[in-house]
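Here is how the chains run, residue by residue.
Protein chains: 4
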Amino acid sequence: MSTDVSTLDLEEAGAVLAAESARFASFGWMRGTSGNLSVVLSRDPLRLAVTASGHDKGELTPADVVLVDERGDAVSGGRPSAEAALHARVAALTGAGAVVHVHTVASVALGRRSPGGIVLSDLEMLKGVGVPAHGVEVTLPVIANSQDMTVLGDRLEAARDVRMPAVVVAGHGLYVWGDSPRQARHHTEVVEWLLELELTGTGR
Amino acid sequence: MSTDVSTLDLEEAGAVLAAESARFASFGWMRGTSGNLSVVLSRDPLRLAVTASGHDKGELTPADVVLVDERGDAVSGGRPSAEAALHARVAALTGAGAVVHVHTVASVALGRRSPGGIVLSDLEMLKGVGVPAHGVEVTLPVIANSQDMTVLGDRLEAARDVRMPAVVVAGHGLYVWGDSPRQARHHTEVVEWLLELELTGTGR
Amino acid sequence: MSTDVSTLDLEEAGAVLAAESARFASFGWMRGTSGNLSVVLSRDPLRLAVTASGHDKGELTPADVVLVDERGDAVSGGRPSAEAALHARVAALTGAGAVVHVHTVASVALGRRSPGGIVLSDLEMLKGVGVPAHGVEVTLPVIANSQDMTVLGDRLEAARDVRMPAVVVAGHGLYVWGDSPRQARHHTEVVEWLLELELTGTGR
Amino acid sequence: MSTDVSTLDLEEAGAVLAAESARFASFGWMRGTSGNLSVVLSRDPLRLAVTASGHDKGELTPADVVLVDERGDAVSGGRPSAEAALHARVAALTGAGAVVHVHTVASVALGRRSPGGIVLSDLEMLKGVGVPAHGVEVTLPVIANSQDMTVLGDRLEAARDVRMPAVVVAGHGLYVWGDSPRQARHHTEVVEWLLELELTGTGR
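Chains A, B, C and D, in that order, give the protein sequences.
Residue numbering for the first sequence follows my numbering, beginning at 1 and increasing consecutively.
Residue numbering for the second sequence follows my numbering, beginning at 1 and increasing consecutively.
Residue numbering for the third sequence follows my numbering, beginning at 1 and increasing consecutively.
Residue numbering for the fourth sequence follows my numbering, beginning at 1 and increasing consecutively.
Do not rely on the hints blindly, as some may be mistaken.
[To be verified] What follows is a set of in silico ranges between Cβ atoms, one per label pair, in the way DEER data are often shown: (1) 19/D with 74/C: 29 to 35 angstroms; (2) 22/A with 71/B: 36 to 42 angstroms; (3) 53/B with 201/C: 39 to 45 angstroms; (4) 63/A with 11/C: 26 to 32 angstroms; (5) 151/D with 119/A: 25 to 31 angstroms; (6) 61/B with 9/A: 38 to 44 angstroms.
Bear in mind the hints are in silico, worked out from the structure with no lab data behind them.
No experiment lies behind these values; they were computed from the predicted model shown.
Ideal Cβ placement from N, Cα and C applies to all residues, glycine included.
Hey, can you work out the whole structure from these sequences and the hints?
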């Protein structure tokens with residue numbers, strides 16, 4: 001299965017997002033109907049396929065997808081999550097081809113413990129998000145939550161570390177991005193692994 | 001699969017409850033033969049389909065279901081759990097269309113740590129049970145356990161926070177409800193997620 | 001599938017034990033090739049089907065079973081584990097129809113923390129092993145490990161609480177029994193749940 | 001399925017490694033694209049089949065494998081991980097027929113807590129790696145991480161306890177070996193179980 005997003009139509013994108021969602025749901029990272037995923041279908045104008053709101057993320061079908069514009073407004077399909085606007089903003093800001101938003105216990109727990117950001121260094125796993133394994137300190141930013149996606153987007157833009165394709169939203173969850181749905185998945189798995197490690201409390 | 005309960009007959013309800021039970025069992029929330037699920041089939045008179053007692057909750061068939069009345073007594077089918085009476089009471093009290101009772105480690109652990117109730121606020125996940133994500137403090141009540149379902153029902157009625165579709169029974173587990181089996185599932189996943197978060201000990 | 005053991009032949013018993021083993025292996029309770037399961041096929045003389053030694057417990061076939069006598073010696077089939085002798089002793093001592101031996105992290109961790117035995121009371125989950133949910137204190141015994149099955153059996157016999165169908169072997173794992181493979185499974189799930197609860201450190 | 005490696009051709013080896021990888025990935029031990037597995041196909045000259053770099057370890061096909069020599073350089077197939085050189089060195093040094101490298105949270109957490117090595121004794125589970133269950137103290141070595149496989153190999157050679165088929169690489173993960181892919185799997189499961197036990201903090 002290619003995840004070269006530029007060649008996907010909306011239903012193909014829906015199939016990819018449904019499969020990715022089912023995977024994350026099986027990890028317990030999309031409990032209830034939480035979280036949403038997106039993939040960029042065109043750059044100019046910016047168009048993203050975003051998972052439809054209110055569904056069980058382990059039971060999505062290829063049709064449970066909405067086409068949204070650069071403001072996250074629906075172009076076709078059902079009702080997007082309000083958070084679609086943040087997906088579009090992340091895609092525009094970072095050039096990402098896919099965005100993952102999940103609610104993991106570890107991300108919210110670490111956001112509480114380290115509200116100023118989670119400092120990471122000297123971990124081989126950092127290579128999984130493109131950061132050297134030795135001698136480089138990066139910060140996984142923690143930003144305050146908001147229901148206003150413009151405010152949340154401003155905070156993300158101000159806080160992000162360009163070396164890290166992820167941000168923790170305090171009391172909320174995790175935004176992670178990558179070139180493709182598969183790379184975004186791998187980045188998500190890596191960031192969550194790093195958070196689970198920090199949650200053991202064995203760091204300095 | 002529609003979970004519009006008003007149109008389900010008893011065997012269809014049994015099939016829905018068997019699928020929901022298998023899901024919760026796969027999470028480890030129904031170890032042994034613990035827990036039980038119900039769905040309201042009629043309001044007047046109140047009739048609920050409740051999972052049969054004593055079975056492995058990962059192996060239920062559509063026939064492993066009992067029709068009970070407003071007191072939890074069997075109208076047809078096999079032997080209901082004594083707890084069927086509490087399911088019926090929750091349905092009558094709250095107007096819920098489905099009730100989930102599971103034994104999770106986190107709910108009993110938190111009931112020990114916070115016997116006066118578990119205070120929650122400023123968490124996006126609260127939206128999954130209909131509570132605002134900001135500035136509202138709700139309490140997930142913890143009530144003392146009893147083998148007398150009238151006593152337990154009285155405690156639940158006295159303690160419940162109308163904004164929270166769930167109660168922790170100390171030393172026992174979790175009761176959660178919703179409009180339909182699917183909504184009750186989502187509420188259960190959300191409440192358990194909140195409990196697992198609090199169990200990390202990272203809160204204030 | 002009936003688990004009325006008295007009617008099973010050796011291969012049927014092997015099929016039941018393979019299925020039960022695969023279940024426990026999926027929980028991570030039989031890592032490596034650890035643990036073994038048995039079912040009583042006759043009482044007089046005592047004959048048990050025991051899982052064969054050295055196999056991956058997630059990959060057993062119905063043929064991976066050995067018929068042993070009251071001393072745990074092979075009557076037919078392959079090589080039994082040395083621990084088959086303890087299975088036979090538990091079956092003779094308690095009248096159990098099935099014995100489960102698993103290596104769970106929680107049982108070894110709790111055996112370290114509470115070497116004198118794990119005291120349990122006022123937990124609804126205790127009903128899953130036949131103990132009242134209120135006002136009765138039982139002890140899950142912890143016995144010292146040994147490679148001599150006679151010594152280990154003597155310790156088990158001396159330490160066991162007749163109200164609890166389980167014993168923790170320190171630095172080793174858990175022995176649990178029941179009337180049938182299914183009841184032994186449920187007892188195992190219940191005891192492990194209780195140990196995981198105690199491991200949270202929220203008790204008195 | 002035989003895992004007698006000497007009779008496997010490269011594609012058969014790829015099929016075995018894909019199945020083993022999918023298993024470890026399902027445990028969460030190969031998040032992102034982390035980790036790699038190998039099996040020795042010939043001793044003289046030393047040739048190993050190693051999983052290809054950059055793939056999702058839950059989605060490997062039999063073709064996602066590279067044949068490497070004693071230096072870890074590709075003889076045929078795609079691009080090997082740089083770590084293939086360490087696999088080859090472990091195989092040459094220990095005589096192992098298969099090597100597993102996984103990134104587990106427990107191994108990195110314990111490497112932080114016990115940078116001088118993890119001392120283990122009096123645990124039945126030690127028998128799963130060939131160490132007596134009583135009275136023998138072994139050390140699971142923790143070595144500093146490096147991107148230079150010669151340096152890392154020197155550290156592994158200097159630090160290893162010949163009684164333990166495993167080494168923790170600090171800030172990185174776990175190397176484990178065995179006679180065959182299946183034995184290496186069992187050794188990995190046993191070592192990870194021991195690490196998860198130590199992570200509970202219940203030891204002396």
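Range agreement (Cβ of residue 9/A with Cβ of residue 61/B, hint 38 to 44 angstroms): Taking Cβ atoms as reference, residue 61/B and residue 9/A lie about 41 angstroms apart, which means the hint holds.
Status of the given 39 to 45 angstroms range, CB of residue 201/C versus CB of residue 53/B: 32 angstroms, violated
Whether the CB-CB distance between residue 63/A and residue 11/C falls inside 26 to 32 angstroms: With Cβ atoms ~48 angstroms apart, the hint is violated.
Beta-carbon spacing of residue 22/A to residue 71/B - inside the hinted bounds 36 to 42 angstroms or not: 41 angstroms, holds
Hint check for residue 119/A and residue 151/D - Cβ pair distance inside 25 to 31 angstroms: Because 26 angstroms falls inside the window, the suggested range holds.
Residue 19/D versus residue 74/C beta-carbon gap, inside 29 to 35 angstroms or not: 32 angstroms, holds
Hints 3 and 4 from the earlier list are contradicted by this structure; the remaining hints agree with it.
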